[in-house]
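The whole structure should be built from the sequences, with the hints applied where relevant.
Residue numbers (our numbering), protein chains in the order written: chain A, 1 to 1000; chain B, 1001 to 1093.
Errors might be hidden in some of the hints.
[Stated by the list, open to error] Subject to a maximum C-alpha distance of 16 Å in a straight line, what follows is the list of computed EDC-like cross-link-like pairs (lysine to aspartate or glutamate):
(1) K166/A / D1013/B
(2) K1065/B / E749/A
(3) K282/A / D1013/B
(4) K894/A / E1038/B
(5) K971/A / D931/A
(6) K1077/B / D456/A
(7) K1029/B / D890/A
Bear in mind the hints are in silico, worked out from the structure with no lab data behind them.
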Amino acid sequence: MPNYRIHKTEYIDETKRVSFKYDGKTYFGYEGDTLASALLANGIHLVGRSFKYHRPRGIVSCGAEEPNAICQIGSKKDLTEPNVRATELELYEGLEASSQNCWPNVKFDIGGINNFISPLIPAGFYYKTFMWPKSFWKKVYEPLIRLSAGLGKSPTEPDPDIYDHKYVHYDVLVIGGGVSGIIAAKMAAKNNFKTLLVDDKKILGGSTIYQNNESVKIDDKLSSEWLKNEIQEIKKLSNLTIKTRTSIAAYHGYNFLLAKENLTDHLPEEKKKNKIRQRLWKIRAKKVVIATGSIERPLVFNNNDRPGILLSNSINKYLDYYGVTCGENIILFTNNDSAYETSISLHKKGIKNIIVDLRKSASSELIKQAESLGIKIYFNHVVTNTFGYKKINSLEIMKLSEDGNTTIGDKIKLSCDCLGMSGGWTPMVHMHSQSGGKLDFRDEDQVFLPKENSEDQISVGSCNGDFDLENIIDKTVNKINKFLDIDNQDYQDTNIICSKENDKRNIWLLPNKIPLGKTKCFIDFQNDSTAKDIKLALKEGFRSIEHVKRYTTTGMATDQGKLSNMHALGVIADTAGVKMGTLGTTTFRPPFTPLTFGTLVGRNVGKFFEVVRKTSMHEWHVENNAEFENVGQWKRPWYYAKNGENMHDAVQRESKAARDSAGILDASTLGKIDIQGTDASEFLNRVYTNAWSKLAIGKCRYGLMLNEDGMVYDDGVTTRISENHYLMTTTTGGAANVLSKLEDYLQTEWPELDVYLTSVTDHYSTASICGPNSKKILKKLFPNLDLSDENFPHMSFKEDKLENINCRIMRISFTGELSYEINIESKYGNSLWKMCIEAGKEFNLTPYGTETMHLLRAEKGFIIVGQDTDGTMTPSDLQMDWIVSKKKYDFIGKRSLYRSDTIREDRKQLVGLLTDDPKEILEEGAQIVSDIKSKPIDMLGHVTSSYFSPNLNKSIALAVVRSGKTMKGQKLIIPMENKNINVTVSDTIFLDKENKRLNA
Amino acid sequence: MFLINCPFCGERDQSEFSSGGEAHIVRPKQPTELSDDEWAEYLFMRKNIKGIQFERWNHVHGCRKWFNVVRDTSNDKILSVYKMGEKPPVNYK
Ligand SMILES: [Zn+2]
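Given below as structure tokens:
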């Protein structure tokens, strides 16, 4: 096996050999490697196939910007992870990775045929080609694209890993642990700012940490040596927290940032166990220093995407940090000085290399150094083509014309096994932009730079466009002193010597003799879009960068265009003949690098997904086979399956028992609001549609609450407990919103009212007993209470004690039966319930759930707000005009009840429906029509509630129907998938219209 | 995620609050006297300003108090916070 590890570095521990599998084959690397550096050490460049043309692709970079080396990690159904960048994944014993985006395998790829038919795959190809016929999409196109494009596989089973969230507060957050970030963190921490420094790598130091060129010295030391001392020093600072392997995912307003800390991704499987995998830090920082550095740019020329073509600086890092050379015969193609550092470093390690430089000449220290070492430099030359299918083996260069627009002279063919590209540097302004910062364009080196630093955020170092070390350090120190309003002198006497770049020449799309249409000049490697695609988009009339981006998909892959956005902009600007700075950029959106769902969700999975509210009686319900229904966060018994009953049978039995003898419902979840104050009656007058002033103490009244737009909002019974004390009940789901709304009116519109609201929903548990035998059961529970209709009539309230515990008893009914609601402090709820069950035994007291409750109330035509109403129903629409006071001058929503729209007679109105076949049960939500033949069919309304009533032995339904009030007796049709159901409009009250049962 | 300085509790995370829309829309004292158009003006019409906006917020997961906020919607900066019933600060008119 070839070995490209050619020298030792302090970052690779050669005593710790690590075995891993890549595409099923076992290889070895060392602790300290990334998957990418280990693959390169084994001579592997080819790591995938491109998205559209299935061209062989190799590792391009050494960081988050990597477009090609995207892997699937592991193969377990619950743990496998797609889209992991090999350049960021630290190697561990037992790692299993496979290349993505190649089917059937990386070396023989069936989709590679796209490469030869590529003239047929222009920009917007997917939009243009896979459009028609529509039926082909699901069955032909999509599976085909998915199979051969292979975007990685999602795990198919729940993620067993543990994720964590943590909130932290700091005075200063420094993003990025390169030289400027380290200086900023040190200055802040030493001046009493509680500081957090985060860096996405395993160790601090950025690219300076492996810098070893003699031309760059600080205080007479190599810059890397100097920086190591600095790092040692900051580690001693007590109010500085350093988080490595931590990347900022999002920078929101008010300096609220999300960071992802990787805790176990670099560990072998047995060491990952029972540990938190990733932690999401929710950071509030008073001030933020952005020191995120810059990313090297590729160059855009024909066939610039072959395996073996990398960014020049990445070749340098693989060499000086990982000890790995990317080739043995390397060509560096550049338009700036930084490739010279790579060249010199390669040369010193005995790796043959030559430089092709776009510039006509250059004269910095670095260039002199390279020249003196005898490194061959082709100034004023351009790479025009490359060769080699699975890896580059040679290339052609040509001389550039004076203006740089064409090539001149003869082709020179050069052999190589690796090509480094350096198109200059792009400051990472993502964080600045995400936080809302604007950008400026600097023409000189064609970079976007952060503009208008606010007082709580600043960019320093190369993300701010300062590229040489002297500039970086001096400016960082000055800016931080000003930003934090301090006078730190630590770097006053720091002596920095570095090579200064004097010459620049930028050409976004490099010239070529071959017509553009016959070239493959890639701009976005991951999404396979070329300069030709962008030009085509412009030709087809696209102008906005956002549109060109979407049409060509440039910059829309998982790397979010870190390497491609600038070139796309450049080509657009050049083609359209406008200045690049005027084009603007596409929007930088979080996350900076992809996040796992697990990290976002944290611990809120499974039973912690949402708060669960249980009543005091919950345990009893569980023990008695209740099936539960979620009502908001509440768990409510839905029905109690007895002896293996299904839901229908249980509900029929429960409903029958409640009307024939007695039923009991856990009504604890109903919202309860305690209302006190001298203006409590007036307050109720204003919030309900009916009148409250005359309600006697000890009496209850049903109330309907509207929105200001006149639509029904909530309902419930309110009891007058004493002169200035009421207890309001609300729907279970509406409780919180009702309280909120009442507080709103009280605090903002009627602050003069002396009223206090307290939510007491959780304070009381409620057992509701109904049925003809309910009075007898109550008698057993409260033997001293006079339950006679004279003393304790319907809609009244009494207090009594149950074994010394105070109970509030309301005689109110939501079923139409004689009915009592017993309220007790929640801690006694379960005892109360058990005592009721015990007392009711001889009367076949039957526990019933929400489904039976819904059925029983539907028999009586009582509405459920939110089921029979949907925010567009007025009281009149519900045929409840009786509850709207004509005398009251005002209440919430009153004025809206006679707006032109609310008095329309053809509004949808609540009606009853009876099916012609009494056994036929309608589907809730089913549409209602009168004429099945008209086209389009005129929709009149829909079914809101539907049940089979065991007490009436027929199907009943409530529905909202256009002009329904006037339609009683009319035949309507409910068209279903396989049949039309004939129904007749009826009254909404199906049972006991005379309310005789209330006093049974 | 804003930090909102509740006039009763102090600075808290936005997640504790709910927004109540435009501030200083007074419910008409005599709704019955209003035409449909006038009532609709109160009921439906809201400004949606890019720039300085007066809005209501409720510290719903805190003290439950409503209060007013002056916010620049172009950069989300909260410029001032004041209690219900208080006059809006004049410098932002
Ligand atoms: Zn508060």
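Ascending list of hint numbers which this structure does not respect: Checked against the structure, no hint fails, so every one of them is satisfied.
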